[in-house]
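J.: With the hints as a guide, bring both chains together as one complex.
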Amino acid sequence: MFKLYGTELNQRRQELMLAIRGPQALGWEGEGFSPDELQQTRDWLRSRGNTIEGGTSEIQLNVLAKQVLGLPD
Amino acid sequence: MRLALTDDQTLLAKTAAAFALERSPLSRLRALRAPSDPLGYSKPLWSQMAALGWTGIPFAEDHGGAGLGLAEVVIVTEALGRCLAPEPFLSSVMLAGRAIARAGSDAQRAAHLAPVIAGEKILALALDERGTRYDRRRIATRAEKTAGGGLRITGEKSQVIDGFGADAFVVATRTAGNPGDAGGVTLALVAAGAPGLSVVRQHRVDGRNAALVQLAGVEVSASDVLGRIDQGGDVLDDVVDAATVALAGEMVGGMVEALDRTLVYLRERVQFGVSIGTFQALKHRAARVFVEVELARSAVLAAARAIDEASDHRRALVSAAKARASDAYVHAANEAIQMHGGIGMTDEHDIGLFLKRARVAEMTFGDAAFHRDRFATACGF
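Chains as they are written, first to last, in this note's numbering: chain U, 1 to 73; chain H, 1 to 381.
For reference, chain H alone in the conformation it holds in the complex (with noise of 0.2 Å):
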């Protein structure tokens, strides 16, 4: 497998480098935390990113998008990740964007997918319950058939991300089967402004936008069933797979980033009169941190070619990126805080902000243990 970038993804690297430099500085997310700031990413920027194109990335060019892939899709998170950028591109793209692309109609791509390109519209996948932890046949959100085809859901979906503000949902809920069951789980889409549906903001350590969707009786039509009833399942396998990926890609930038600052910090900081980076005891872990951003990044490659491949081995190599990304993005993070020392325990020091990112990603799609245990089902074991 080739894991050198080809000269279109080079100019994509530099073009997403310079551009997260440039206009998200980690200054800009001590204001979208603050709560007088509930969205927690900004619309403008978003348009931005949009109008560069990496909205469209992953979507085929007869729908409206660039005909890229998950090669190129890293590239770009990487490089939000090394600013902590907190737009909306897991959500809208990766999960609701991809949900819509692989299961929709014409006419919901068109209603739906085209606006989500444009960055006009944020969508968000309601997915995860506080029950489901990282297994999706655990979901308990109901719907029972309406006449006339729709659905009538009842449920709660906690952690949704980038769910306050949201313009629309894709629903995962069951229509067959029981909490446990790997089949019976159907996709819809929910407006905003639902009656029976309520949004409310939660807040986590990293403070990004996450929501507590609560479904009391949400009434959809049969258009707005996305993909075949019970058969849901099978397209949220794929499409957070792919977003697991684009995830990790991230967590490499943020390691890479966190293990910059720290080579920085102990060029600079002197103690004993001599900058502490001369200490062997401290350069033997900065190389530890480096080796495995550097097996993290090469994994996340690996498992980006392999879905974009259709390789039979996608499976295993998402999670291998998966759990690689999310042991190093805390080491690496928890080795900059005591490399910096009491300075990186404070709230002021932009270097924390790594670690509390670090933890909320371990743990989305599933943490290192998650990942490990279904990368040795998938190897047969």
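Excised from the complex, chain U in its bound form (with noise of 0.2 Å):
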């Protein structure tokens, strides 16, 4: 459940993020953009392998399903 909801409201807060800053969180290196912005870029990429790695949301949806609501196969 913690890995469920962790990771999807992470990548809510860096969808949050990215809203809030706007064309200033489309940047990837160099000139026009402060460390900060760029950082932000690079976070909000990273956050979509989180609902993938270590077990996707679909597989633990269904152990959540199977092993503690008891549902069948």
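Source of the hints: derived by calculation from the structure; they are not laboratory data. For each residue, glycine too, the CB sits at the ideal point set by N, CA and C.
So the derived list for chain H, only partly shown, Cβ under 7 Å to chain U, looks like this:
no.	residue
1	Gln159
2	His203
3	Gly342
4	Met345
5	Met363
DEER-style ranges, computed between Cβ atoms:
no.	chain 1	residue 1	chain 2	residue 2	range
6	U	Leu61	H	Ala182	47 to 53 Å
7	H	Ala369	U	Asp43	17 to 23 Å
8	U	Leu69	H	Asp312	51 to 57 Å
9	H	Gly342	U	Gln67	20 to 26 Å
10	H	Ser275	U	Asp36	39 to 45 Å
11	U	Arg42	H	Asp7	44 to 50 Å
12	H	Leu26	U	Val63	32 to 38 Å
13	U	Met1	H	Phe381	36 to 42 Å
14	U	Leu61	H	Asp238	47 to 53 Å
Here are the computed lysine-lysine pairs in the DSBU-like style, where the Cα-Cα straight-line distance is at most 35 Å:
no.	chain 1	residue 1	chain 2	residue 2
15	U	Lys66	U	Lys3
16	U	Lys3	H	Lys283
17	H	Lys14	H	Lys43
18	U	Lys66	H	Lys283
19	H	Lys14	H	Lys121
20	H	Lys14	H	Lys283
T.: This is the structure:
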């Protein structure tokens, strides 16, 4: 449950940060972007992997449905 | 409103799709986004697109164009979007080119629009600044009038689309009022080599050409002022609205391709002894993306027709299209990554390129929240 919720929460947080920063969150390197803004881009991209690595959200949901809720295969 | 394509439009769609598929595979992008190629697009391919007549589509015949409209423009941009083609259609044709067509004198059109349509020169619109976000009223770049009716421009333009290597710029500068005022903006033509002009390549997450353009007292003569002094805002409203629809068309192409590639993967990838496309949870998610894509496509077509017919509802429909396209492209790209699993997160896999482009396109000319707000305002709220 923590893996499922925590990773999706982090994705929502990163999406919110992008929406707040707007176009300044689009930088990859070089001129016109601050170090914080460039880090933001990387943090957002990295967060997309959170719901895949270490057991995807779909696997976590299957575990919850079968082992916690007792639903059949 | 008729949403079916005419015979001519169907032919254009077929030609554009075939050209994009054959001449612009995604492997081309990987070479273009390398630091060794700061231009980020191919000039030879751009010349071929011009030879096909694409660069003349939105211009009147007496301006040297094909006399077609946004309905045809979005057919081409959708094809470009499917293969993530980074050529300067939005910047040179839809932004700078159309600004010159709409506001320029005969002499300015002959000097600047003709080579844009021929694909010989690339022009860029220097519009956004770090502080403007999506609101053009916040333009802070200033110009003072010089003797002889020219302007001396000082300011900084950020993320100028295809600005690096552009032959000339259409610069939006304040000639009256203060940042936040709707009026008081003037457009001016500035050549790439003008004294006081500095153009630095910016690197964004999608790898495409963007530039930081600094103007330190750049002087332009009266003959390079585009349209009327202080009245550039009206030109920008129309030009950026049409470019927004063109971009939304590109975004539809991108989301269609991201979905198609995901469907291929869902059929091919085997887990627990079966294709993962047999899992109901994934089928439903793919079906939901499909619904979003089709809604976005219809919204884009409606906006294109509304501009072509000069409908009173065009501002609202442009915002509906961009809001839908922004949400749907990001959703389709996020779902594409998630359904590809670990392989989708690697830079070596092409599916991630759609997410990176989706994000930049989403925030170009206003994100979904900005356009929902503008839609509500246009509807009287």
